[in-house]
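Novice: Starting from the known structure of chain A, arrange chain B on it as the hints suggest.
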Amino acid sequence: MTIETTTTGVLVLILIMTLVTLATRFGGVLIMSFVRISPRIESFINTMASSVLIAIIVPMAFGGDAGALAALSVTAVTMLVLQKPLPAIAAGVFAAAAVRYLF
Amino acid sequence: MRMLPISLFVVAFGAAFGLAAVQKGLAPLDTILMSTLVFAGASQFATLDMWGAEVSVIPVMVVVFAINSRHLLMGASLYPMLKDVAPAKRYSLLLVLTDANWAIAAQDYQRGNRNLEVILGGGLVLWLAWILGTWLGVYFGGLLQNPKNLGLDMVLGCFLLSMALGGKKSPRILVAWALAALASLAAWKWLPANTHVVAGALAGGVVGFFWLEKKPGKETAGETPT
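For the protein sequence lines, the chains are A and B, in the order given. For the first sequence, counting from 1, position 74 maps to 104 in our numbering; every step adds exactly one. For the second sequence, counting from 1, position 90 maps to 172 in our numbering; every step adds exactly one.
These aren't lab readings, by the way, just hints derived from the structure by calculation. Hints may contain errors.
No more than 30 Å apart at the CA atoms, straight line, and that leaves these computed lysine-lysine pairs for DSBU-like [stated by the list, open to error]:
#, chain 1, residue 1, chain 2, residue 2
1, A, K114, B, K250
2, B, K106, A, K114
3, B, K251, A, K114
4, B, K251, B, K165
Chain A on its own, in the form it takes in the complex:
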C-alpha cells in the first residue's frame, strides 16, 4: 500500500506516524497495567531501565568517530569524579568539539 505525497496524502502519513509513535508511548504502561507486579517483575523493570541507556550509548561509541569516543569517555570520567551531570555533559561536548577541531 502506498500513499501519494499530495496535500492530504502527507497529512495522512503524518497522522499514521503520530498514531504509531503514540502506541509506543502508551503501550508500555498499558501492558504493565495488566501485569501483576511481583518482586521479580519489578527487578526486571529496574534493571532494564538503566540497560536502555547502556544499549543506546555503547553502539554510539563503537559506531562514532574519535570525537564521539572522546566525548563519552570524558563524560564518564567527569561524572564518576564529580557525580554532577551538568559539568560532565559540558566537558564531554567540549571534548568532542576539541578533538574534531584538532584532527
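Specialist: Coordinates of chain B only, in the frame set by chain A:
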C-alpha cells in the same frame, strides 16, 4: 534546569531535521506539523529516507514502530510510579515522554523520589524546543551548517551516559550493563537497524529477572504474595 543543555541540542537537531525535510520536498508547514505531532526525532529522520512521490505505508509504520519501541520499555519502567496516577493524567504525561525526561525521572525513582513533574515539564520544554528547532531549520536552515563541529551531536549521548553513571552501581547492575552492552552491539551489527536498544535493554532486564536484589529482612524475594 537539568533540561537546558538537552533543549539546546534538541533545537539544533530539530533545525537539522527541518532543513533535511525541506530538501526532501516536504512543505514547510507539513514539516512543522510532523514535528509537532510525531515528536520523535530519529524516526522522523528515518522516514525522510523513504519519502518520495509515493510513500509505502507499511514500511513507514514498521520503521517508526521499531525506532520508537524503546518508549514501550521506558513506559513499562515508569509504571510503578504511574500506577496510582489517574489514567487521564497518566496518559497525558506519556504524550511528551522522550529519552531525556524519562532518564531523569527513572534516575530520581531509583533514589526513591517520584518525580513526575520532570516528565511533564521537561517534556513540554523539549517539545517546544523540537518545534522551534524544526521551524528554524525550515526557514533558516543554512545557519547551522555543521553542528557536529561544535560537538552538539554528542549532547544526548553524554547526557544519557551521565544519567546511567549517576545511578546506583552494584555487581548486579554491572553484570546487567555488560550483557546489555554485548547484546546491543550484537544487534547493532547483525540485526536490522534500530533493534539494538530493545535487544540490549531486554538482555539487561533478564539479568534483573533472575538475579534479585537482596533486601534486608527478606530471605528470598520469591513470588509469594505477602
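Novice: I'd like to know which numbered hints this structure contradicts. Please list them from smallest to largest.
Specialist: 2
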